[in-house]
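Q: The chain contents come next:
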Amino acid sequence: MTDVSGRAKIEIAHLAKSFGTQAVLKDVSLAVPAGGVVALIGPSGSGKSTLLRCINLLVVPDAGEVRVGDDAFRFGAGTKLPGTKALARFRAGTGMVFQHFNLFPHLTALQNVMEGPVTVQRLPKAEAEARARALLAKVGLADKAEQYPSRLSGGQKQRVAIARALAMEPEVMLFDEATSALDPELVGEVLSVMRALAADGMTMVIVTHEIAFAREVADRVVFLRDGVVVEEGPARTLIDAPQHPDTQAFLAHFHRRGEAPAA
Amino acid sequence: MYQWDFGSLWTYRWLFVQGLGVTAAFTVAIVVIGLLVGLAAGLAKLSHVAPLRWLSNAYIEVFRCTPLLVQLVWFYYALPILAGIEISAVGASVLALSLYGGSFYAEIIRGGIVSIDRGQGEAAAALGMTPAQSLRRIILPQALKRMVPPLMNQSIIQFKNTSLVSVLAVPDLLYQGQVAAHDSYRPLEIYTLVAVLYFAALYPLTWIVRRGEQRLATSD
Ligand SMILES: Nc1ncnc2c1ncn2[C@@H]1O[C@H](COP(=O)(O)OP(=O)(O)OP(=O)(O)O)[C@@H](O)[C@H]1O
Ligand SMILES: [Mg+2]
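Protein chains in written order, with UniProt numbering: chain A, 1 to 263; chain B, 1 to 220.
FYI, nobody ran anything at the bench for these hints, they're computed from the structure.
Take these hints with a grain of salt, some might be off.
[Unchecked claim] Heads up, simulated SDA-like pairs for lysine to any residue below, C-alpha to C-alpha not over 25 Å straight-line: (1) A:Lys-85 / B:Ala-132; (2) A:Lys-9 / A:Gln-121; (3) A:Lys-85 / B:Leu-52; (4) A:Lys-85 / B:His-48; (5) A:Lys-85 / B:Trp-74; (6) B:Lys-160 / B:Tyr-77; (7) A:Lys-85 / B:Leu-140; (8) A:Lys-85 / B:Ile-33; (9) B:Lys-145 / A:Leu-107; (10) B:Lys-145 / A:Thr-119; (11) A:Lys-80 / B:Ile-116; (12) A:Lys-85 / B:Glu-122; (13) A:Lys-85 / B:Ala-44; (14) A:Lys-125 / B:Pro-131; (15) B:Lys-145 / A:Gln-147; (16) B:Lys-145 / B:Ile-33; (17) A:Lys-85 / B:Lys-145; (18) A:Lys-80 / B:Thr-130; (19) A:Lys-85 / B:Leu-43; (20) A:Lys-125 / A:Leu-152; (21) A:Lys-85 / B:Val-114; (22) B:Lys-145 / A:Glu-146; (23) A:Lys-85 / B:Val-49; (24) A:Lys-80 / B:Arg-53; (25) A:Lys-9 / A:Leu-87; (26) A:Lys-138 / A:Glu-189; (27) A:Lys-85 / B:Leu-46; (28) A:Lys-80 / B:Ala-50; (29) A:Lys-85 / B:Ile-116.
[As the list claims (entries may be wrong)] Chain A is nowhere near these chain B residues, computed Cβ spacing over 12 Å in every case: (30) Phe-6; (31) Leu-20; (32) Trp-74; (33) Leu-79; (34) Ile-85; (35) Ser-163; (36) Tyr-185; (37) Trp-207.
[To be verified] Among chain A residues calculated to face chain B with C-beta under 8 Å, some are: (38) Ser-18; (39) Asn-56; (40) His-100.
Just so it is clear, the structure is predicted and the values come from calculations on it, not from any experiment.
Think of the CB as a built atom: it goes at the ideal place given N, C-alpha and C, for glycine as much as any other residue.
Sequences and hints are given; from them, build the entire structure.
A: So this is what it looks like as structure tokens:
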């Protein structure tokens, strides 16, 4: 699937990023069509989070190109770093969900979801509230609107965080291990919200250790190791029959129907 | 045995009232100005612009590492000559006390801001907030809660520090006490009363701060 101009929704080209002397991403390219779901998998420290954070420029790449929808940025020698205003405008069009939720503890669930529309989009309060309530209902938390995050379970927090990101009506959603901090019995409720989003046609990039979920929901899977895309392909093909020995070794750590890593 | 005679102080009641008024006004002024200076210096110390950080650091260290009394005297006697300006005793006092307090406030404010989890700023940025919006809507409201007790403590110290302005003949509570003592030859009663007045003003404040700290400790 592509948009009217025949382009992918997200396009990453020749991305490079180092922290100090450590090269974390080396010439990574990635394209996600509109409505596509890509799962990023790989060992700890392989650069998955860094890649994801480069897509919304929470991490500014050293070199390469990042395009989401019609907004494109080029990095590297001879290019000017985008200003804070341009960065903020760009990020408003991408939603991100974090491993540790990062809800605003001084705001209720409803206020958390309203915050982006009110502060960034300058939506009138009443409109923002209507939108926020609809989204909380969508993630099954209509009755928790007035609760502060400290009164919510992990799974509920993460669902509020997803609603908060959706409130900006983003073009794409980025998930960084959205279920890794959750007790096993709470993982399902978050995954089912993500599954529904994917079915709705949201363009998504998901960093996950839930291999079975990736296989079921993602269209494509990208295996990253040491900042390099080692293998990439249709989700089922890559997970059921990985070609590269590194991918095989990595996936062997997961149980057959792949839940938690064995070690 | 010394014969206490507090009755004779009644004559000086207006002097004490005036002195207390000046002390209170001074405290309000130097707390407000000091907080503004401290906020600016605290934010500058967190800035991405290196010269701003150096400037703020230099300011904070200079004022924290010299005695307040020396600063007061310096601002009154040395600054006018160096800068070629006239400065009143009140002006020098407000300037020195505000800058001194600001250097402590700056560290409290900076510490409060950096104590907020990085994820908060990242979540705000991911929503599309500018750094200024993130600071105003997300970081400061949370940091403020943690900063209030130490800021109140520092302000109480500032209240006490105002007594130093008496050396520049600013008519605060202590200075008026000195006037009354010279006039009445009753320094024991006078200075005891001055101490009691400071205590009566400050004790309720420290009590409020302690209550606030307890309430913060029980919430989140
Ligand atoms: N802000 C940073 N400063 C310095 N080094 C960093 C920073 N962020 C990440 N790194 C380093 O970059 C490497 C890749 O980190 P990244 O978080 O992208 O890995 P990951 O694949 O998401 O790992 P995990 O599965 O553990 O989350 C790691 O070695 C990490 O220590
Ligand atoms: Mg990670």
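Q: Take the hints in turn and mark each one as holding or not.
A: Hints versus structure:
Under the criterion of a C-alpha separation no larger than 25 Å, the hint pairing Lys-85 of chain A with Ala-132 of chain B is consistent with the structure, at around 10 Å. Restraint check for Lys-9 of chain A and Gln-121 of chain A: satisfied, since their Cα atoms lie roughly 22 Å apart, inside the 25 Å limit. Only pairs whose Cα atoms come within 25 Å are accepted, and Lys-85 of chain A paired with Leu-52 of chain B is accepted, the gap being roughly 21 Å. A distance of roughly 16 Å separates the Cα atoms of Lys-85 of chain A and His-48 of chain B; the hinted pair therefore holds under the 25 Å criterion.
Restraint check for Lys-85 of chain A and Trp-74 of chain B: not satisfied, since their Cα atoms lie roughly 44 Å apart, outside the 25 Å limit. A threshold of 25 Å between alpha carbons decides the hint, and for Lys-160 of chain B with Tyr-77 of chain B the separation of about 23 Å falls inside it, so the pair holds. For the hint pairing Lys-85 of chain A with Leu-140 of chain B, the CA-to-CA distance comes to about 20 Å; that is within 25 Å, so the pair holds. A distance of roughly 31 Å separates the Cα atoms of Lys-85 of chain A and Ile-33 of chain B; the hinted pair therefore is violated under the 25 Å criterion.
Distance check on the hinted pair: Lys-145 of chain B and Leu-107 of chain A sit about 13 Å apart at the alpha-carbon level, within 25 Å; holds. Between the alpha carbons of Lys-145 of chain B and Thr-119 of chain A the distance comes to roughly 21 Å, so the proposed pair stays at or under 25 Å and holds. A C-alpha spacing of about 31 Å is found between Lys-80 of chain A and Ile-116 of chain B, which places the hinted pair above 25 Å, so the restraint is violated. In summary, the hint linking Lys-85 of chain A to Glu-122 of chain B is supported, as the alpha carbons are separated by about 15 Å, within the 25 Å threshold.
Among the hinted pairs, Lys-85 of chain A with Ala-44 of chain B is consistent with the structure: their alpha-carbon atoms are about 20 Å apart, no more than 25 Å. Restraint check: the Cα-Cα separation between Lys-125 of chain A and Pro-131 of chain B comes to about 22 Å, which is no more than 25 Å; the hinted pair holds. Between the alpha carbons of Lys-145 of chain B and Gln-147 of chain A the distance comes to roughly 19 Å, so the proposed pair stays at or under 25 Å and holds. For the hint linking Lys-145 of chain B to Ile-33 of chain B, the alpha-carbon distance of about 20 Å falls within 25 Å, and the restraint holds.
For the given pair, Lys-85 of chain A sits about 28 Å from Lys-145 of chain B by alpha-carbon distance, which is inconsistent with the 25 Å threshold. As the CA atoms of Lys-80 of chain A and Thr-130 of chain B are separated by approximately 19 Å, the hinted pair is consistent with the 25 Å bound. For the hint pairing Lys-85 of chain A with Leu-43 of chain B, the CA-to-CA distance comes to about 19 Å; that is within 25 Å, so the pair holds. Between Lys-125 of chain A and Leu-152 of chain A, the direct Cα distance comes to roughly 24 Å. Compliance with the 25 Å bound is thereby established for this hinted pair.
Among the hinted pairs, Lys-85 of chain A with Val-114 of chain B is consistent with the structure: their alpha-carbon atoms are about 23 Å apart, no more than 25 Å. Restraint check for Lys-145 of chain B and Glu-146 of chain A: satisfied, since their Cα atoms lie roughly 21 Å apart, inside the 25 Å limit. At roughly 17 Å between alpha-carbon atoms, Lys-85 of chain A and Val-49 of chain B fall within 25 Å of each other, so this suggested pair holds. Between Lys-80 of chain A and Arg-53 of chain B the CA atoms are separated by roughly 24 Å; this keeps the pair inside 25 Å, and the hint holds.
Straight-line distance between C-alpha atoms of Lys-9 of chain A and Leu-87 of chain A comes to about 18 Å, which keeps the hinted pair within the 25 Å bound. This hinted pair checks out: Lys-138 of chain A and Glu-189 of chain A have alpha carbons roughly 12 Å apart, not beyond 25 Å. Of the supplied pair hints, the one linking Lys-85 of chain A and Leu-46 of chain B holds, its CA atoms being roughly 19 Å apart against a limit of 25 Å. With a CA separation close to 20 Å, the supplied pair Lys-80 of chain A and Ala-50 of chain B stays within the 25 Å bound.
Under the criterion of a C-alpha separation no larger than 25 Å, the hint pairing Lys-85 of chain A with Ile-116 of chain B is consistent with the structure, at around 23 Å. With 12 Å as the threshold on Cβ separation, the claim that Phe-6 of chain B sits away from chain A holds: the shortest Cβ distance comes to roughly 50 Å. Annotated as non-interface, Leu-20 of chain B keeps its C-beta farther than 12 Å from every C-beta of chain A; the closest such distance is 38 Å. No Cβ of chain A approaches the Cβ of Trp-74 of chain B within 12 Å, the least distance being about 40 Å, so the stated non-interface status holds.
At roughly 38 Å, the least C-beta separation between Leu-79 of chain B and chain A is larger than 12 Å, which holds for a residue marked as non-interface. With a least CB separation of 39 Å from chain A, Ile-85 of chain B remains clear of the 12 Å interface cut-off, as annotated. Against chain A, the non-interface label of Ser-163 of chain B holds: every CB pair exceeds 12 Å, the least being about 38 Å. Non-interface status of Tyr-185 of chain B relative to chain A is upheld: no Cβ of that chain comes within 12 Å, the nearest being about 58 Å off.
With a minimum CB-CB distance of about 26 Å to chain A, Trp-207 of chain B clears the 12 Å threshold, and the non-interface call stands. A hinted interface residue such as Ser-18 of chain A counts as satisfied when its beta carbon comes closer than 8 Å to some beta carbon of chain B; here the least separation is about 19 Å, so the hint is violated. At about 6 Å, the closest approach between the beta carbon of Asn-56 of chain A and any beta carbon in chain B falls short of 8 Å, and the interface hint on this residue holds. At about 6 Å, the closest approach between the beta carbon of His-100 of chain A and any beta carbon in chain B falls short of 8 Å, and the interface hint on this residue holds.
Consistency note: the structure conflicts with the earlier hints numbered 5, 8, 11, 17, 38.
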